[in-house]
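> Model the placement of chain R on the given structure of chain D, informed by the hints.
Residue numbers (the numbering used here), protein chains in the order written: chain D, 1 to 118; chain R, 119 to 536.
FYI, nobody ran anything at the bench for these hints, they're computed from the structure. A virtual CB, placed ideally from N, CA and C, is assigned to each residue, including glycine. Treat the hints with caution; some may be incorrect.
Reference listing, derived: stretches of chain D covered by chain R, where coverage requires no fewer than 3 residues with Cβ under 8 Å from a Cβ of chain R [stated by the list, open to error]:
| no. | stretch |
| --- | --- |
| 1 | 17-31 |
| 2 | 70-80 |
| 3 | 92-102 |
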Amino acid sequence: MRTDYAFIGVTLVVACALIGVVPILNYLIAPQTPNKSKRETYECGMETVGDTWVQFRAQYYLFALIFVLFDVGGVLLFPFAVAYNSVNLWGVIVVSLFVLTLLASLGYAIKKGALNWE
Amino acid sequence: MDIINNLVKNLGDGIAAGIYGALGQGLAADILIMVIAAIAVFAVASGGFAGLTYAERKIVARIQDRVGPNQAGPYGILQPIADAVKLFTKEDTTPAEADFWVYNLAPIIVAVFATLTFTVVPFAPGVVGTNLNIGAFYIIAIGSASTIAILMAGWGSNNKYSLLGAFRTVAQLVGYEVPMLLNMLPVIMLTGSMSLVDIIERQAGWNGSWGLPFIVILPLSGLAFLISGIAEAGRSPFDLLEAESEIVAGFHVEYSGMKFGLIMMGEYMNALGVAVMFSVLFLGGYAGPILPPYLWLVLKAFGVFLVLMWLRGTLPRVRIDQLLNMNWKFFVPLSVVNLILVMILGKVFVSDPALFKANGGILIQPLAQALIMGASSFVLLMIALAIVTRRVRKDRMAEARILLQRRETNQQIAASVH
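So that you can see chain D by itself, here it is in the shape it has in the complex (with noise of 0.2 Å):
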């Protein structure tokens, strides 16, 4: 049980090792001649205005809220989906109210305008 998830973690090791080496090897084989104007953010030729790391649009957030809301919905609903042949008509009737909801808070959200993107 507990060794099938070793296998993963040795992938993941196995991966790392392997794809970590590229940018190395890439730093080794290709010429390094870095200069000032080489070195500059590439924002199509002109000269960088601002700072970068700013406040972004608070849109994104909400997009993210309502995200939240289905993968912890979702979560909740892979056990379930794997004890459907356990459970009888009522119990899934009991899930679909579930689902429901969710779905009812997704309307909501519709109905304020929170997912318009302006």
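Then chain R, alone, in the frame of chain D:
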């Protein structure tokens, strides 16, 4: 025949037996076997990547009436090698303002997590990296790790286009994970297990020996899974994260040399992962007649990837508001309704006598159950498409009217100037 069918399995067993013979049963031998298996998984994934870059360029070129790569080797078949040499010898410029660790780790993380997807894929009976009992769930979890890596790449580059691309990515990938997850659930429900091997076996033995892929039983789930998978892999027509004509190249504009190569590798592996997952979940994986099982999986996965290339060659890129609207206002509600439909149908029409005794319902033949589910799912899809077509046409007419008005005003202004 049997030798060919079990070729990969016997090869693996032979290597394992050899190692056990040399080192004896123990931890060292186990780890060595796992390392070799991990390298094999990595070789499959990266070999698939190398082959697909060539195949995709050649096929998309054909679709668009071009020739495609034809200089390196016969028919340009050595193009992936030429690309690798070019990328390895290209100077790796790092912007002065970039965040060193975040910037340099991002491509490695993209590629590593894309490789990890293939650890649970069953290539043939008995040939699977590890048969996790939560395989399907693991795929979703690993797939979402690439979102973080892309955000790291965009943020670490300290470039406004990169950051914009990364934000779009998060909105897109995060959104399309929901329908992907919701459309995996019906498959898991009908199988009763999250293990990918169990899912394939269930499809292969749907009605005794009558194999029936889930795409027939759950056409809506399959289609929605494929489309959200394409969006999740960030491929055209959902390649907003790297829209060349809008934000230069999105999150990887600052990457050059092999770091760019690693990001491309991660993206292709993710797309290949989606194709493989679709063939496992909905097309029956390695199950199939006559040909050996591993060849079936390759054929199915390549067939799905061909559809992906076809879409890339023919469709224009969607706008971000269209993309997000399509997800949240169409796919997610549709997936939820489909989920409830499958849940209730699966309880009302039961094909397993033991389950019938336990839970009640109407006992019917498995084939009839499949037919009822497939037909109702198809009807739901048609209804949803009819509704959405009407809505979208109305929106587009309104947009066209505004544009026409604007043009008339412009013409009036132009006329008054002359």
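> Hint by hint, note whether the structure agrees.
These are the hints, each one checked on the structure:
Taking a C-beta to C-beta cut-off of 8 Å, the stretch 17-31 of chain D contributes 11 residues in contact with chain R, enough for the three needed, and the coverage statement holds. Look at the stretch 70-80 of chain D against chain R: 5 of its residues bring a Cβ nearer than 8 Å to a Cβ of that chain, three or more, so the hint holds. For the stretch 92-102 of chain D, the proposed coverage by chain R is satisfied: 7 residues have a C-beta within less than 8 Å of a C-beta in that chain, meeting the threshold of three.
The structure fails none of the hints (numbered hints given earlier).
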